[in-house]
Amino acid sequence: MSESQRRKYTQEEKNRIFDGEFMPHIDSMYNFAYRLTFDEDDAKDLVQDTYLKAYRFINSFEQGTNAKAWLFRILKNSFINEYRKKSKQPAKVDYQEVETYYNSDDVDFQGTTDLRADSVKDMLGDEISNALNALAVDFRTVIILADLEGFTYEEMAKILDIPIGTVRSRLHRARNLLKEKLRGYAQSMGYKTDEEE
Amino acid sequence: MENNGQGSSEERKLQCSDVSKCFQLLESILDGEMGEEGKEILKEKLDKCQPCFEHFHLEQAIREVLKTKCTKQPVPHQLADSIRQMIQESK
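Note that the protein sequences, when read in sequence, are chains S and X. All letters in the first sequence, in the order written, are residues 434 to 630 by the numbering used here. All letters in the second sequence, in the order written, are residues 975 to 1065 by the numbering used here.
Just chain S, with the same shape it has in the complex (with noise of 0.2 Å):
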């Protein structure tokens, strides 16, 4: 990095972009936080640190590019690299479901043309968001950031350094294990998930 790159903005510019282009993704950075730690302190901690990396090393943000997925991209790298080792909860990664599914072919999901949409409107708040912390994290993750942050693939790949076509089949994949733990609580609540004869 050149002299020149390192001592891009003066202290009033990083002021004004911190203020005006990092604060005002908190609630995002730190609802993304909660789902992947479960732990209020640890989400706060994550945001926190996430912050203060992007503050420490501003002079590496360019103007005009997108800062909430910047931002979103180190948050994920403190969660694996630092994070992830002093986890009082640590992620819980299901590896039996994850294998499963990074090494099947078959990932065609015949199972949920019996969820209804109907059904998935009725459901409280709890229990898509049960369904969605129930998946492992590098699936959660996916769905995390195009469903709620609504981040594109090219963004998705850039914050989690993996290529377009990986988005988008670890995100099919995600989507159906959401659809399966989905099913089970449309059945335990009673609907009807059978083709109607």
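To be clear, the hints were calculated from the coordinates, so they are not data collected in a lab. In this text, a Cβ means the ideal position worked out from N, Cα and C, and glycines have one as well. Hints may be right or wrong, so weigh each one.
Straight line, CA to CA, 25 Å or less: simulated SDA-like cross-link-like pairs of lysine to any residue [unchecked claim]:
(1) X:K1043 <-> S:R573
(2) S:K554 <-> S:S461
(3) S:K614 <-> X:K1013
(4) X:K1043 <-> S:D475
(5) X:K1043 <-> S:N609
(6) X:K1013 <-> S:S602
(7) S:K554 <-> X:H1051
(8) X:K1065 <-> S:Q481
(9) X:K1041 <-> S:E613
(10) X:K1041 <-> S:N563
Computed spacing ranges between beta-carbons, pair by pair [what the hints assert, rightly or not]:
(11) X:Q1059 <-> S:G598: 39 to 47 Å
(12) S:P457 <-> X:T1042: 18 to 26 Å
(13) S:M622 <-> X:K1022: 26 to 34 Å
(14) S:D594 <-> X:S991: 34 to 42 Å
(15) X:E1010 <-> S:Q444: 42 to 50 Å
(16) X:M1008 <-> S:Q444: 39 to 47 Å
(17) X:S991 <-> S:D472: 26 to 34 Å
(18) S:I513 <-> X:M1060: 17 to 25 Å
(19) X:M1008 <-> S:E495: 21 to 29 Å
(20) X:K1017 <-> S:D559: 34 to 42 Å
(21) S:G558 <-> X:S994: 27 to 35 Å
(22) X:T1042 <-> S:Q496: 29 to 37 Å
(23) X:E1018 <-> S:S493: 42 to 50 Å
Since the structure of chain S is provided, determine the placement of chain X on it from the hints.
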């Protein structure tokens, strides 16, 4: 409800020849990754294929519920202030 309305589905084929490919395509369209081309493909699929029609509406419903029910984690009040304070101290 679209699933039991015989009238709405009688012109759609009841079997999708390539469920995996179609569903993945529908998801990409819903994700806004297919642009204008996506709108045409979508119309064609929804008009002609019952499994695609149902999958599309299910996916749409799940997205709406996710967006309305899973994004409201209340942020601790002091978080923004404590971040600003930590940055002041680090200068």
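Outcome of the hint check:
{"no.": "1", "hint": "X:K1043 <-> S:R573", "verdict": "15 Å, holds"}
{"no.": "2", "hint": "S:K554 <-> S:S461", "verdict": "23 Å, holds"}
{"no.": "3", "hint": "S:K614 <-> X:K1013", "verdict": "30 Å, violated"}
{"no.": "4", "hint": "X:K1043 <-> S:D475", "verdict": "22 Å, holds"}
{"no.": "5", "hint": "X:K1043 <-> S:N609", "verdict": "19 Å, holds"}
{"no.": "6", "hint": "X:K1013 <-> S:S602", "verdict": "21 Å, holds"}
{"no.": "7", "hint": "S:K554 <-> X:H1051", "verdict": "31 Å, violated"}
{"no.": "8", "hint": "X:K1065 <-> S:Q481", "verdict": "16 Å, holds"}
{"no.": "9", "hint": "X:K1041 <-> S:E613", "verdict": "19 Å, holds"}
{"no.": "10", "hint": "X:K1041 <-> S:N563", "verdict": "14 Å, holds"}
{"no.": "11", "hint": "X:Q1059 <-> S:G598: 39 to 47 Å", "verdict": "43 Å, holds"}
{"no.": "12", "hint": "S:P457 <-> X:T1042: 18 to 26 Å", "verdict": "21 Å, holds"}
{"no.": "13", "hint": "S:M622 <-> X:K1022: 26 to 34 Å", "verdict": "32 Å, holds"}
{"no.": "14", "hint": "S:D594 <-> X:S991: 34 to 42 Å", "verdict": "36 Å, holds"}
{"no.": "15", "hint": "X:E1010 <-> S:Q444: 42 to 50 Å", "verdict": "45 Å, holds"}
{"no.": "16", "hint": "X:M1008 <-> S:Q444: 39 to 47 Å", "verdict": "44 Å, holds"}
{"no.": "17", "hint": "X:S991 <-> S:D472: 26 to 34 Å", "verdict": "47 Å, violated"}
{"no.": "18", "hint": "S:I513 <-> X:M1060: 17 to 25 Å", "verdict": "22 Å, holds"}
{"no.": "19", "hint": "X:M1008 <-> S:E495: 21 to 29 Å", "verdict": "28 Å, holds"}
{"no.": "20", "hint": "X:K1017 <-> S:D559: 34 to 42 Å", "verdict": "36 Å, holds"}
{"no.": "21", "hint": "S:G558 <-> X:S994: 27 to 35 Å", "verdict": "30 Å, holds"}
{"no.": "22", "hint": "X:T1042 <-> S:Q496: 29 to 37 Å", "verdict": "33 Å, holds"}
{"no.": "23", "hint": "X:E1018 <-> S:S493: 42 to 50 Å", "verdict": "45 Å, holds"}
Against the hints set out earlier in the document, violations occur for numbers 3, 7, 17.
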